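Single-letter residue listing:
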Amino acid sequence: MDRGWYWKFGMIVAVTLGTLWFLVPTYYSLVVLDRAERNNIAVLEQRLPAWAPPAKYRLNLGLDLQGGIHMVMRVDTKTALQKRTERRGQQIATYVNDKKLGEVTADTDPERLELTLTAKDPATMDAIQKEVLATFTDFTQESRNGGTLVLKPDEGQVNRFRDEAVDQAMLVIRRRIDKWGVAEVDVRKLGTDSIQISLPGRSNPEQAKELVGTTAQLEFRMVDDTNPQVFAQMITQSPPPEESKITLVDDGGFPQLSSPNREALLAYAKDKAPEGRDVLTECVANPVKKNDCIAYRSFLVDKNVPLTGESLSGADASVSQMNEPEVNISFDPAGAREFEKLTEAGVGRRMAIVLDDNVHTAPNINEKIGGGRARITMGRAGSRSFEEWLGEAQTLALVLKAGALPAPVTVGEIRQVGATLGDELIKKGSLAAVVGLALVIVFMAIYYRKAGLIADVALLLNGLLILAGLAFFNATLTLPGIAGFVLTLGIAVDANVLINERIREELANGKSARAAVDQGYDRAFWTIFDAHVTTLIAGFILFFTGTGPVRGFATTLIVGLVASLFTSIVVTRVITTYFVHGRNAQSVSV
Amino acid sequence: MQILKHKTNIDFISKRKPALFISTLINLAIIVGIATVGFNFGVDFAGGTVVELKFNTPTTEEQVRERAQAGGLHDVTVQRVGPAEENSFLLRMGGVTQLTAENAESAKAAIQGLGETRSVYADMANGIVNFRSAQPMSAEAVKKAVEGAGIGVQEVRDLGANQGGNGFDYQVVASGMADKVFAALGTGMEKPDFEQRRVDYVGPQVGKQLRNRGVMALLYSMFAILIYVAFRFDFKFGPGALLAMLHDVIMVAGYYLVSQREFNLTSIAALLTIVGYSVNDTIVIYDRIREDMVKYKGKGLPEIINIAVNDTLGRTILTSGVTALSLIGLLIFGVGEIFDFAMAMLVGILVGTYSSVYIASPVVIWLGERAAQREAHSGAKQEPNAA
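Which chain is which? The protein sequence lines are A and B, in order.
If you're matching positions, the first sequence starts at 1 in the UniProt record's numbering and goes up one per residue.
If you're matching positions, the second sequence starts at 1 in the UniProt record's numbering and goes up one per residue.
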């Protein structure tokens, strides 16, 4: 028994304890907590003992096991692109007109996305062509035939626009789901034009479809700041219920109601708003996780909606000469007139930019704005960095565009599993895993006796390691994942069989117990290593190409193989060495 | 305890030719079968809608079918899942949305009947009818008209005035097939007598994407494993491992073909796992062959391979047996695709064991022989098969 053995043994004990420790949040979330609270990380955090790992390190159940909706939305970038080309066409026509270069009409071919400019007087076309191509660099010339010029959107611009359309749609979907109050949703981009959404615990796909599938609604509404104390009065006149957690906050002279619960806040303020006013909410973003709202704040706005996203023709984030981020917006002619009227009457007031009933921002109107172009300056006050302000400006531009140039989204895929089916699957799945595991354990103990028991210990540790590993990577356990779990345990036992067979062979060749064990492990090592690496390759490729449940399977397979390498090569060897070397045994029970 | 009490001395290698012949025959038959009969593609790959319903009262497949037909659903397949007392059924439909080639025409006519339209075209893949009308329209009216034509409408989108000033754009989004199923089965009832357990709904383009990605994943992993094997062993071992992998994948695909069980994303996972597992088995034998090549320098490759295969036979049977043992639980309690996964794995383990003996090793001999012949031709005097 050399020193190295003690080190290794200590490491194994440490790994085992660490594994058990790491499974505490998983145990609490699946066994201790009620099912309704299973996905509520805040509740889990409260219930966990102080010594436990953070609640985020827990094993999630896949939608197939707990019930819920998995959706893939396809963003119709083509329609959005067509709309955009039309708008640009009108801008070009107006530009040509303003510059007194001549008179053109713009027409868009919806199928091929080409923009055709036709000049009233073909003779003016040369000058128009030159000027337009120099100014509107997001178009390239396709063909020219006398008085008609065919333009095509520039390829790079199209790609950028397509990305942007998906980002906009994602932003809108996040906001909407957030409004629905679903905990632990997952919204992510899938490929170039799809968005994947997971809604655990939800059961109505039609409602979900409706929620995320409708076009974004952008509105410009005047903020009512005539009575800054309106919310403070509300609270003194009829105090809100305790559980709604509504408080009054004041930063910057306009006291607002604030609550982590949007529904409660709206329900409380709804009938208490003055005549002709609506109470809307604004999201206070989580400083760490940008798309999470940690609280909602109230806003009092006019019921009347003078201007909507329909009138907006463009929005872009840029940096001003003062080196301040800003958002430039422009309106179509009718919108420009309305905007001028609105800003004239509202100098000194604030105008709320509202997307899907969420106040995104409420800039102050400094002066009457004519000509249909406005600038929202972001300022640089406070402790935030330039990048953060610029990011804010970009998000605002995205919000404006999402309402102005809506890219319709359609459902590409929906998978919904009812909660009762999920329960049934998890029951059957774990039963299947337990039966498979038990059979293997009994077989190994009978067939290899003591060595088999050692392999069984390693096998159990392996199972725990897989679960802890999945919890660590915040992976999701799916039904195929359970199958992967069982299979990986089968493969892990394979390694022990390889070693034990090798030891038997060496014993049959007349080697001493010690030599046979050492030789058996050394010889089997590379075989086991190769066998694991090849399956790992398949696992990684599955992981990178698969989606949803298949990815869950791949994760389980990968974690399982790594754990199996450790348990079959290190753990069993240390224990076997103890029995053979430490006890100085003359025989080995294989 | 020991499975093979005595050292076996079976002459595997002499039977390699008939074995290879039969394997090739079966493989070809499966490939032809895939090309002609085809897999029973699940909704993942074929696109379409699958709804799982659990009835509250005893119901037969026939009754469900009749009710669906009475409700106006004709191309639905109904399949019972689980034991009879559960009254659960899978209903499968080809379409994703209620928009089909025929009813798109009636939708167009209905829209055109509402007023002057500049253009109407249906986007079948997304279940949307796009149109541009001369005057602004009320979404309610459009919805009513299209529903009157027999198509469920999820939403009418007002895309606003066209910038060119030549009309107003709208989109009519048809509702999904699942709605239609619930409506059809619930006809004439105050409250549906079933519970909706699962809805799977994959658009045709998504299905195609998923299928392509699945096939690509298979090819990539085979290629990556091949490189690894070639790098770790020797180039002459590579082709044998690859052929054995292909053989096993085709055989497992054969399971899905013959049983006509649903071929979906989980099946792809099963095939990929088989790729990994198959090469696992092959590697163990290759390892031994390599070891024995050093040990028995004077012997010919076929003899060495025979010794290696015989020496590892007990182990080969055992490892396959243990892995199969772990699958038994899944085979007994596994539902739906998990049962198929376990079954496919079982087939894969069996053929994987066979292929590492009869495919992977003979190919090494064959390549060795060819190399020897070539060397003999070029006049180099060298001991054949020396590694």
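The reader is advised that the hints may include incorrect statements.
[Claimed, not checked] Computed footprint of chain A on chain B, listed as stretches where at least three residues anywhere in the stretch have a Cβ under 8 Å from a Cβ of chain A:
(1) 13-21
(2) 55-64
(3) 70-81
(4) 210-223
(5) 318-329
(6) 339-350
(7) 354-366
[Claimed, not checked] Some but not every residue of chain A turned toward chain B, in silico, with C-beta under 8 Å:
(8) A345
(9) R349
(10) L498
These aren't lab readings, by the way, just hints derived from the structure by calculation.
These numbers come from a predicted model, not from an experiment.
Glycine included, every Cβ here is placed at the ideal spot set by N, Cα and C.
Against the earlier hints, flag every one the structure doesn't satisfy and list their numbers going up. 1, 2, 3, 7, 8, 9
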